[in-house]
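Construct the entire structure; sequences and hints are all you get.
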Amino acid sequence: MDVLNLAHGSFYMIGAYAAYTVVMATHNFWLALLVAPALLAVLGAALELVFFRRLYRHGHLAQVLMTFGFTLVFIDLIRSRFGPTTRAIAPPPGLGGAVHLLGATFSSYSLFVLGVAIAIGVLLVAGWRLSRLGVVLRAGVADKEMAGLLGIDLPRVFTLTFATGAALAGLGGVIAAPEFAIYPGMDANVLILALVVVVIGGLGSIEGALAGAAVIGLGYVIGTTLFPQLAIGLIFALMAAVLVVRPSGLLGRRS
Amino acid sequence: MIPGQFRAASRPVFLAFLSLALASIPLWAPRFWIYIATQALIFAIFAMSLDLLVGYAGLPSFGHAAFYGVGAYACALLALGHVDGLVPLLLVGALASGLAALPIGALSLRTSGIYFLMLTLAFAQMLWGLAVNWTSLTRGTDGLIGIPRPTLPGLDMFNISLYERGPFFTLCLVVAITLFVLLEALARSPFGKTLEGIRENDRRMRALGFPTFRYRLAAFVIAGAVAGISGSLAAMSNGFATPDLLYWTVSGLALIAVVVGGSRSLVGPVLGAFVVLIAQLGLSTYIDRWELVLGALFIAFVLFLPRGLVGLVRRT
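Taken in sequence, the protein lines are chains X and Y. Letter by letter, the first sequence follows residues 1 to 255 of the numbering used here. Letter by letter, the second sequence follows residues 256 to 571 of the numbering used here.
Hint data in this document are derived by calculation from the structure and do not stem from the laboratory. Every value quoted in this text rests on a predicted model; they were computed, and no experiment measured them. One or more of the hints may lead you astray.
To be verified - Some but not every residue of chain X turned toward chain Y, in silico, with C-beta under 7 Å:
| # | residue |
| --- | --- |
| 1 | Leu4 |
| 2 | His60 |
| 3 | Leu65 |
| 4 | Met66 |
| 5 | Phe68 |
Glycine included, C-beta positions come from ideal geometry on N, C-alpha and C.
Here it is, written out as structure tokens:
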């Protein structure tokens, strides 16, 4: 959409906290997996309709500042509701154990995460490439006026896309909740990683983002295992290396 | 985009008035407000350096806190190594941050626009991670504490100590005014005009034979060095240097200060820094949920005053 949303990390955090609330109330992880994305889709759509819509013509800086304001608001709301302490939820029943596969041991929840990630990746790429919404969105970003002249209701498409993005960030938060800690500040961590991933992959390319995520994820895990102190430096070096060779990212188009 | 009559006639008068008003603060303000004004001045220097990038060079950096923090840590390390001269302590901040800005700028400037913004943010967050993790040098999240304030030859004679709030505020004011004059001269120099040309039309400037990448990089390094000086002052003022100085919210606050005040004016960011700092420290003193109010305030500013406070008086 060509919008830079710093509050995207907040959506992820809110998703995780929503999952925590639902799991505490109902002890049902699968319900959380439905409720949290739905909640964030509504929140995303509302924010887009009321606030972001006014900013598309003001350029990136205004977007950045307003979304920065939102991150402050969200983190304070979360802190006032849940306090500064770290929370955790257990993996859903049936996924708490370990699985032996190809001579190695995996936690079954990790495999579940892997499965969900692959499914969403495939859905997104297919949606972006094949669905009507994907085509319309690509057209809208490429040339707003032309797409509008062709009778496409761009404002509605943008609201839908924004809501989808927010819902996916929320889903990410839910899935991450049993694996990582839930705390105020997780929004910034994930935001930075997401930005690095997107920069490495190439803006406006979902396949690129997937490739970037693979590079960074592997780099980070290998880094933390081999040199725990330098994992962040390794990501930094990876990003620098990619940018020196391909300034617009692995799969990004040159502008 | 000529600032018009505001700059032509009333600007020097306004600047003189502002300097005098600031200089008088130690004479009448309560101690707590001298402290806030000191923090705001340091932040104002930081915001001015960012304005050189955002306003003049058209480079929206969201990672400027990196150079604030690097300067603070460099000053802290030197001061803890028993160097107490004011000038070396300020210069080491500038030098360290300028050096840090060189590779970060060289890589980030290969891109532009939204990419540049995200890259600078990512680099700054990585330096933050480094400050947290490199415990042997930075002592991790505890930070470097007990940083002594510098001495100035001659001040002892008058029995003035920089440990007192009034004299330290005056020191910050002198540094701020000096840097303001230097940055203003830079912005009006052929170098500054070239930067503005590059901002408006990079391709044309390149066709005219300007090495635009080097100009941008020079601006990035200069802005980094000035931010380093403000970081040095922050380390002296607080007496400690922690990773918080490099956190991305600091970059965000500085950008807010530039935009709230009005970019491409150098005065605007100073006003913006005072508004942001007073809002932040004032709100956090009296309200529990101050971040929420601050965030809402920023959102309102962007929505209703996109051209900043200077935009109220400036005609375009």
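Structure-based check of each hint:
| no. | hint | verdict |
| --- | --- | --- |
| 1 | Leu4 | holds (5 Å) |
| 2 | His60 | holds (5 Å) |
| 3 | Leu65 | holds (5 Å) |
| 4 | Met66 | holds (4 Å) |
| 5 | Phe68 | holds (4 Å) |
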